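**Q** Here is what each chain is made of, one letter per residue.
There are 2 protein chains.
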Amino acid sequence: MDEFELIQNYFNWPLIDPTVELGIGDDAAIFNLDTGYQLVTTTDTLSEGVHFFKDDSPENVAYKSLAVNLSDIAAMGAIAKWFTLAITLPKVDEIWLKKFSESLKETSSKYNVSLIGGDTTRGSLNITITMMGVVEKSKAIKRSGANNGDNIYISGEIGDAALCLKKINEGERPDKAEMVKLNRPIPRLDLGYALNGVASSCIDISDGLEQDLSHIMKASKVGAIIDVQKLPLSQSVVKYIEGNNDWSVPLCGGDDYELCFTAPKNFNSKIINIAKSCKIRITKIGVISDSKNLKIKGYDGHGESYKHF
Amino acid sequence: MDEFELIQNYFNWPLIDPTVELGIGDDAAIFNLDTGYQLVTTTDTLSEGVHFFKDDSPENVAYKSLAVNLSDIAAMGAIAKWFTLAITLPKVDEIWLKKFSESLKETSSKYNVSLIGGDTTRGSLNITITMMGVVEKSKAIKRSGANNGDNIYISGEIGDAALCLKKINEGERPDKAEMVKLNRPIPRLDLGYALNGVASSCIDISDGLEQDLSHIMKASKVGAIIDVQKLPLSQSVVKYIEGNNDWSVPLCGGDDYELCFTAPKNFNSKIINIAKSCKIRITKIGVISDSKNLKIKGYDGHGESYKHF
Chain A
0 MDEFELIQNY
10 FNWPLIDPTV
20 ELGIGDDAAI
30 FNLDTGYQLV
40 TTTDTLSEGV
50 HFFKDDSPEN
60 VAYKSLAVNL
70 SDIAAMGAIA
80 KWFTLAITLP
90 KVDEIWLKKF
100 SESLKETSSK
110 YNVSLIGGDT
120 TRGSLNITIT
130 MMGVVEKSKA
140 IKRSGANNGD
150 NIYISGEIGD
160 AALCLKKINE
170 GERPDKAEMV
180 KLNRPIPRLD
190 LGYALNGVAS
200 SCIDISDGLE
210 QDLSHIMKAS
220 KVGAIIDVQK
230 LPLSQSVVKY
240 IEGNNDWSVP
250 LCGGDDYELC
260 FTAPKNFNSK
270 IINIAKSCKI
280 RITKIGVISD
290 SKNLKIKGYD
300 GHGESYKHF
Chain B
0 MDEFELIQNY
10 FNWPLIDPTV
20 ELGIGDDAAI
30 FNLDTGYQLV
40 TTTDTLSEGV
50 HFFKDDSPEN
60 VAYKSLAVNL
70 SDIAAMGAIA
80 KWFTLAITLP
90 KVDEIWLKKF
100 SESLKETSSK
110 YNVSLIGGDT
120 TRGSLNITIT
130 MMGVVEKSKA
140 IKRSGANNGD
150 NIYISGEIGD
160 AALCLKKINE
170 GERPDKAEMV
180 KLNRPIPRLD
190 LGYALNGVAS
200 SCIDISDGLE
210 QDLSHIMKAS
220 KVGAIIDVQK
230 LPLSQSVVKY
240 IEGNNDWSVP
250 LCGGDDYELC
260 FTAPKNFNSK
270 IINIAKSCKI
280 RITKIGVISD
290 SKNLKIKGYD
300 GHGESYKHF
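Sequence lines, in order, name chains A and B.
Following numbering that gives the first Met the number 0, the numbering of the first sequence begins with 0 at its first residue and continues without gaps.
Following numbering that gives the first Met the number 0, the numbering of the second sequence begins with 0 at its first residue and continues without gaps.
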């Protein structure tokens with residue numbers, strides 16, 4: 000099978016997006032932006048042995064490759080639209096490719112995004128997705144908008160993905176529900192979009208709350224005070240912390256892809272309504288300060304967030 | 000050095016593009032499209048050991064990573080504008096990174112494109128660039144527009160990059176000028192843009208003329224007749240063919256990134272003027288036929304264009 004058959008067989012499904020004039024099969028794709036919108040773009044790579052295990056299922060790898068990019072679009076309060084896939088494969092394994100392709104198609108259909116281009120090359124397994132989205136002009140939620148006195152919120156629960164990874168690395172076998180937390184993070188697109196015009200800043204928690212909140216602080220030139228007792232945690236994470244007195248799992252563990260965002264205090268009731276309409280838990284974990292430091296009540300600081308090198 | 004310092008030190012130079020509202024440093028970049036334009040996007044990966052040698056200079060690797068993507072935008076008759084860089088690195092080698100970064104910056108400045116986002120990860124050296132560009136509405140040159148009777152043209156000269164690669168693989172040492180042809184292909188952006196409204200179809204020759212022209216034929220549902228005696232060749236390639244009776248170098252050799260395009264017969268004088276204004280050699284190598292086959296006069300068909308797997 001040559002590259003063109005491979006693309007035809009596995010990555011060239013029909014698109015129903017009217018904004019796409021030309022998808023896969025030319026030197027480049029052609030697509031249209033509606034008036035009044037800006038473009039938003041992000042790229043994330045997943046490498047075997049770094050971001051996923053060698054024996055992880057192709058379905059999970061495809062899902063997660065797309066989800067982490069969708070999560071970045073969510074964090075901007077934008078609408079995800081189009082993506083390209085650059086996949087480096089050690090060999091043509093048709094069974095693997097079929098499963099990967101079906102999961103990618105299913106996930107892209109679920110989140111209404113169109114695969115419009117790509118490249119397949121030979122080498123160590125490496126998947127780079129570049130996701131493009133749209134946002135109403137001047138409406139994107141940047142990291143730089145947090146103000147002194149704003150509340151700090153996070154969506155869902157954090158620490159489960161890191162706890163699952165910790166178990167695997169220590170030779171334990173996490174249960175199915177724990178594996179789902181690591182392998183199938185849910186991009187919070189509905190929430191991100193609903194926060195448009197409400198949140199003053201937003202980031203997705205990919206490298207750990209402590210590090211990701213610090214990015215908001217740095218970009219906004221503010222500090223933050225959060226309280227570990229307020230963190231939204233699953234029963235597994237609570238049990239782990241009780242047993243090990245180790246808060247680094249929810250504070251420094253990445254891979255949950257929940258949103259961490261700030262909003263003015265008087266928007267608290269709006270946030271409660273958004274939580275209801277998006278059917279998602281939203282928890283206030285602290286406030287933005289003018290100190291430029293991150294103060295974490297109840298934590299003595301022994302953890303370390305994810306380092307890429 | 001962590002990922003954020005790495006990006007700050009090597010990939011976050013000031014942008015002067017007024018269409019970019021937010022570049023590197025948030026979850027996603029934000030940029031604007033002028034009214035009346037469509038978006039064009041392409042992605043290409045270069046992997047060490049496949050697309051370049053382990054000892055190739057970081058300057059050349061950066062240049063070529065960008066050039067191959069620019070070439071795809073050129074083949075659409077579009078204007079290149081913004082790009083993302085996903086780079087997987089085995090380790091942080093500051094000397095390598097500095098050279099790579101300087102070359103990328105210099106090349107992006109030369110071709111007026113802005114680096115607006117990216118991702119750095121650890122693993123085997125792998126560079127994926129996703130390039131976005133703009134084209135006036137309905138003006139992109141697709142592969143599918145060639146008609147029976149159209150002339151077929153190519154820009155520049157072909158076969159030099161393949162000959163250089165052949166010499167390296169056979170243990171010979173190509174001279175400096177030959178290495179430049181392999182390592183520094185020139186994206187034909189001016190030409191692509193000038194062909195907008197003139198060419199009926201276009202592709203860049205990345206995998207070999209025979210294979211790339213076949214893509215035009217397939218997309219346009221036509222055939223083609225070309226003549227090896229008309230191919231624009233350098234003295235080195237002519238000499239090689241005379242010595243080896245091997246036409247596969249210019250016919251099946253990739254990596255030249257010249258444009259292969261078609262245009263109605265009565266546009267021939269326009270093409271001659273475009274060649275003059277773009278200061279580039281343009282050669283008519285054949286005509287589009289209604290046969291759906293590729294007939295190559297003077298070639299018995301022993302070569303094979305580049306296979307990705």
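The set of hints was computed from the structure by calculation and includes no laboratory data.
Every value quoted in this text rests on a predicted model; they were computed, and no experiment measured them.
Some hints here could point you the wrong way.
Since the list gives no way to pick out one identical chain from another, each pair is judged satisfied if it fits inside one copy or across any two copies.
Under the rule of at most 30 Å between Cα atoms (straight-line distance), these lysine-lysine pairs were calculated in the DSBU-like manner [what the hints assert, rightly or not]:
id, residue 1, residue 2
1, K90, K53
2, K291, K98
3, K291, K275
4, K97, K294
5, K217, K97
6, K296, K269
7, K217, K264
8, K98, K269
**Q** With reference to the structure, classify each hint as holding or not holding.
**A** Status of the hints after comparison with the structure:
1. K90 - K53: both (14 Å within a copy, 20 Å between copies)
2. K291 - K98: So K291 and K98 fail the 30 Å test inside a copy (47 Å) and across (35 Å) alike.
3. K291 - K275: neither (32 Å within a copy, 60 Å between copies)
4. K97 - K294: Neither: 48 Å inside a copy, 36 Å across copies.
5. K217 - K97: Only across copies: K217 and K97 sit 25 Å apart there, 43 Å inside one copy, limit 30 Å.
6. K296 - K269: within (26 Å within a copy, 73 Å between copies)
7. K217 - K264: within (21 Å within a copy, 61 Å between copies)
8. K98 - K269: Answer is neither; intra-copy 41 Å and inter-copy 50 Å both fail.
Of the numbered hints listed earlier, those contradicted by the structure are 2, 3, 4 and 8.
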